[in-house]
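10 protein chains.
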Amino acid sequence: MLFMVRMDVHVPRDLDQDTFEALKATEKVRAQELQRAGKWRHLWRIAGQYANVSIFDVADAGELHDIMLGLPLFPFMTTEVTALCRHPSAIADD
Amino acid sequence: MLFMVRMDVHVPRDLDQDTFEALKATEKVRAQELQRAGKWRHLWRIAGQYANVSIFDVADAGELHDIMLGLPLFPFMTTEVTALCRHPSAIADD
Amino acid sequence: MLFMVRMDVHVPRDLDQDTFEALKATEKVRAQELQRAGKWRHLWRIAGQYANVSIFDVADAGELHDIMLGLPLFPFMTTEVTALCRHPSAIADD
Amino acid sequence: MLFMVRMDVHVPRDLDQDTFEALKATEKVRAQELQRAGKWRHLWRIAGQYANVSIFDVADAGELHDIMLGLPLFPFMTTEVTALCRHPSAIADD
Amino acid sequence: MLFMVRMDVHVPRDLDQDTFEALKATEKVRAQELQRAGKWRHLWRIAGQYANVSIFDVADAGELHDIMLGLPLFPFMTTEVTALCRHPSAIADD
Amino acid sequence: MLFMVRMDVHVPRDLDQDTFEALKATEKVRAQELQRAGKWRHLWRIAGQYANVSIFDVADAGELHDIMLGLPLFPFMTTEVTALCRHPSAIADD
Amino acid sequence: MLFMVRMDVHVPRDLDQDTFEALKATEKVRAQELQRAGKWRHLWRIAGQYANVSIFDVADAGELHDIMLGLPLFPFMTTEVTALCRHPSAIADD
Amino acid sequence: MLFMVRMDVHVPRDLDQDTFEALKATEKVRAQELQRAGKWRHLWRIAGQYANVSIFDVADAGELHDIMLGLPLFPFMTTEVTALCRHPSAIADD
Amino acid sequence: MLFMVRMDVHVPRDLDQDTFEALKATEKVRAQELQRAGKWRHLWRIAGQYANVSIFDVADAGELHDIMLGLPLFPFMTTEVTALCRHPSAIADD
Amino acid sequence: MLFMVRMDVHVPRDLDQDTFEALKATEKVRAQELQRAGKWRHLWRIAGQYANVSIFDVADAGELHDIMLGLPLFPFMTTEVTALCRHPSAIADD
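Residue numbers (this note's numbering), protein chains in the order written: chain A, 1 to 94; chain B, 1 to 94; chain C, 1 to 94; chain D, 1 to 94; chain E, 1 to 94; chain F, 1 to 94; chain G, 1 to 94; chain H, 1 to 94; chain I, 1 to 94; chain J, 1 to 94.
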């Protein structure tokens, strides 16, 4: 099942830089793991904002939820989740 | 350049069915042309609404604009355009 | 998979009463079919508004989409779709 | 009387982890008590967000209010309350 | 049970004046019936807008819904419903 | 003159409990004084939220302003003020 | 008592020009009457929009309501009403 | 004085094509006149929408208002006006 | 040129009272200076909120900006600026 | 490619003045570098707010993103990005 998720990251000013760098590094490792596993199918940066839009390909909402709550930067995020499905005009089995 | 575009279609009740079917057919042909040309990279239906979210891969905003204004259903759409760029954590050259 | 869907119905004034009554009757038959099939698990009226909130139990967003687009009153609706999953504190396998 | 309540939980960063774990544990005990008592009829997680949507079956708004204000996590919540009633197309006495 | 309901009336221009006057007259009769029955406890005009805010004292949301859907002007309204309960600082059994 | 005022109270986490209890107690005393004086005509709790909706009967906006700014909890409130007037269908001289 | 009222005028396309010109003329006469009577104290155009912001000096909300509902263009308006009072730093008895 | 104006054009479906083409042509002539006169300093299309963002350089808000109200397509527009001024970091006397 | 400015003041809880009183006093002196100079033409309190709506009569947006940024309470404000111009129905040269 | 970017700056109260002045100075140097390079084509102050609207002329969204994230004041900004393209009525190659 496909979900589009917009993630806006709000970095608190009193989060010390090393902790934040470490969080970002773990987030990147985790994100790339999920991409290689085919779960995190697309990850794009929204230009000019500390935000991304992603497409997840997961079994169901439960799996999406566990992935999201497991992201190191989740506590600093506001998220918007949109359920997607195949479009009749799509040529790819996207 | 990548753009995410959300398109919500509002079908006026007094649009007769044949005209609308013809418009939808032309829209589908046009959408599939653009997909084969690699311009309209992804096209997903938003579940439960007459709306889609798409990813366009175009030279610039000008080309996006011409594509959008040229869609048969454009007069019945409200659209939201978001400029995207590569995310440092993306593994694919997406 | 569970989806919560809010449906607000906007009845155009120039829709003649018989047509509307017929649509409502077909909608009711369809809704009750889906309830008996276990797809449309809950259907509640939002007090004081021509709107309902429903819980669907479907295979995925694709099935939800087909159900929604197939509802006779869909052309008169604005909808909001929220993907749900089991809550760790829920005692029922809800 | 049925109420739908959406609860978004905002965990302040300076709330130490043990206190928060204890609050969550008490919240879970309380939620399950209310579910067994038939007051908290449904509790679902909103996928991808620290939020839930719940259906309460209570005598009136006063009882709902006392339940909500009594939840350990209430001070960290923003809530939306919608009064529901039986839908004429519902087959279950839901 | 108390409900606060805000009702905004949108009068379509092509509704002929006599029909509208008749609707308003029936609405007034109905509103005054409900006030005498103690159901429609307060009815105030919102200054400068074709809108009112009312307090209903009803058995439950079901009764409120039936009252609202039965109002002659309901088809021309957008409504907002808020469930109320006694405030601990209120001196009147309001 | 009648005003409807919605008051949402946001209790900062670092406000120590005793101070807050004292503020609430003074607020209650003040609210009940104003109710007895006929200024604060109605005070209802909004179910499920730390908020109330009130009806004030005052000489003019100036008096309302002084009352509101004088409330002990005012610094923790966001407020919405709506000017009301008699409704032609109201049977009580409300 | 002072009220600030924002009036946005939405001119329906199928309102024939003569009727509209006549309405505007009557509106202007009425507005100038009220200004001379000291009721409509200020009337400014919002630049670039068919809207104005006005300051009314009236006995109470009831009088404001009657003035607004009596304006020829009221049926084509959406309005926002804000109750004002003297500011402690104002030097004029404004 | 500089004003930024966003103009969204909403073309009613029952506006016949010739009238609309004529309006657009007159709008273009007028826009180019104003550009040559230095009043309409910048005019950009918002990608993917029937909208533009423009920068006007006019004596004051009154002149802006007359220009806007005089545009042939104004009756089909919703507009947002923002007053601008020189930025201390701008190198051009923009 | 006329500008309407709405100023909402948000007083941080950790701003000590003396500093705040001093700021308010300087703000009042400055506001009255500007009123006497004819720049700050009207200043009204919005009833029930820590906010005001003001009308400034300045050379242009640049002057408005310098005035606003120079206000002692500006750092605690959110502001909304609306450019105004003479209304054809205004009898005063307002 | 042209982008319009609105930048609202929110200065935290506990940011000490020297650090902030230094940040602003570096921001100014960087902004003027980008303007001389033709990347930051226009920079205007929004009157009465700590915000600016800018027009960037960059290769693509990626370049815009790097510029924005590189601005010293970015951590204190909320931003809105709008992709622009040439307007058929624009006389300048703007």
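Simulated from the structure, these hints should not be mistaken for laboratory data.
Every residue gets a Cβ at the ideal spot worked out from N, C-alpha and C, and that includes glycine.
Don't take every hint at face value.
[What the hints assert, rightly or not] Pairwise CB distance ranges, derived in the manner of DEER restraints: (1) C/Asp-66 - J/Ala-59: 21 to 27 Å; (2) D/Phe-20 - C/Asp-8: 35 to 41 Å; (3) D/Leu-15 - H/Gly-70: 55 to 61 Å; (4) F/Pro-72 - J/Ala-22: 54 to 60 Å; (5) F/Arg-36 - D/Thr-26: 35 to 41 Å; (6) E/Thr-78 - D/Phe-20: 51 to 57 Å; (7) J/Arg-13 - A/Thr-19: 34 to 40 Å; (8) D/Thr-26 - A/Lys-28: 34 to 40 Å.
[Said to hold, decoys possible] Derived lysine-lysine pairs resembling DSS-like cross-links, with alpha carbons at most 27 Å apart: (9) E/Lys-39 - E/Lys-28; (10) F/Lys-39 - E/Lys-39; (11) G/Lys-39 - I/Lys-39; (12) F/Lys-39 - F/Lys-24; (13) J/Lys-39 - H/Lys-39; (14) G/Lys-39 - G/Lys-28; (15) A/Lys-39 - B/Lys-24; (16) G/Lys-39 - G/Lys-24; (17) D/Lys-39 - D/Lys-28; (18) C/Lys-28 - C/Lys-39; (19) C/Lys-24 - C/Lys-39; (20) I/Lys-39 - I/Lys-28; (21) D/Lys-24 - C/Lys-39; (22) A/Lys-39 - A/Lys-24; (23) D/Lys-39 - D/Lys-24.
Going down the list of hints, with the structure as the test:
Separated by about 43 Å at the C-beta atoms, C/Asp-66 and J/Ala-59 break the suggested range of 21 to 27 Å. At roughly 37 Å, the beta-carbon separation of D/Phe-20 and C/Asp-8 lies within the given 35 to 41 Å, and the hint holds. Between D/Leu-15 and H/Gly-70 the Cβ separation comes to about 59 Å, which falls inside the hinted range of 55 to 61 Å. The hinted range of 54 to 60 Å is not satisfied by F/Pro-72 and J/Ala-22, whose Cβ atoms lie roughly 42 Å apart.
Checked against the given bound of 35 to 41 Å, the beta carbons of F/Arg-36 and D/Thr-26, roughly 39 Å apart, stay inside it. For E/Thr-78 and D/Phe-20, the hinted distance range of 51 to 57 Å is not satisfied, since their beta carbons lie about 40 Å from each other. Judged by the Cβ atoms, the range 34 to 40 Å given for J/Arg-13 and A/Thr-19 is violated: they are separated by roughly 23 Å. Distance hint check: the CB atoms of D/Thr-26 and A/Lys-28 are about 36 Å apart, consistent with the given range 34 to 40 Å.
Of the supplied pair hints, the one linking E/Lys-39 and E/Lys-28 holds, its CA atoms being roughly 14 Å apart against a limit of 27 Å. At roughly 24 Å between alpha-carbon atoms, F/Lys-39 and E/Lys-39 fall within 27 Å of each other, so this suggested pair holds. Using a Cα cut-off of 27 Å, the hinted pair G/Lys-39 and I/Lys-39 holds, with the two alpha carbons roughly 24 Å apart. With a CA separation close to 19 Å, the supplied pair F/Lys-39 and F/Lys-24 stays within the 27 Å bound.
Taking the CA atoms of J/Lys-39 and H/Lys-39, the gap is about 24 Å. The hint holds against a cut of 27 Å. Distance hint between G/Lys-39 and G/Lys-28 is fulfilled; the C-alpha atoms sit about 14 Å from each other, no more than 27 Å. Distance hint between A/Lys-39 and B/Lys-24 is unfulfilled; the C-alpha atoms sit about 32 Å from each other, more than 27 Å. Between G/Lys-39 and G/Lys-24 the CA atoms are separated by roughly 19 Å; this keeps the pair inside 27 Å, and the hint holds.
A distance of roughly 14 Å separates the Cα atoms of D/Lys-39 and D/Lys-28; the hinted pair therefore holds under the 27 Å criterion. This hinted pair checks out: C/Lys-28 and C/Lys-39 have alpha carbons roughly 14 Å apart, not beyond 27 Å. A threshold of 27 Å between alpha carbons decides the hint, and for C/Lys-24 with C/Lys-39 the separation of about 19 Å falls inside it, so the pair holds. Using a Cα cut-off of 27 Å, the hinted pair I/Lys-39 and I/Lys-28 holds, with the two alpha carbons roughly 14 Å apart.
Restraint check: the Cα-Cα separation between D/Lys-24 and C/Lys-39 comes to about 32 Å, which exceeds 27 Å; the hinted pair is violated. This hinted pair checks out: A/Lys-39 and A/Lys-24 have alpha carbons roughly 19 Å apart, not beyond 27 Å. This hinted pair checks out: D/Lys-39 and D/Lys-24 have alpha carbons roughly 19 Å apart, not beyond 27 Å.
Going through the hint list in order, the structure does not satisfy hints 1, 4, 6, 7, 15 and 21.
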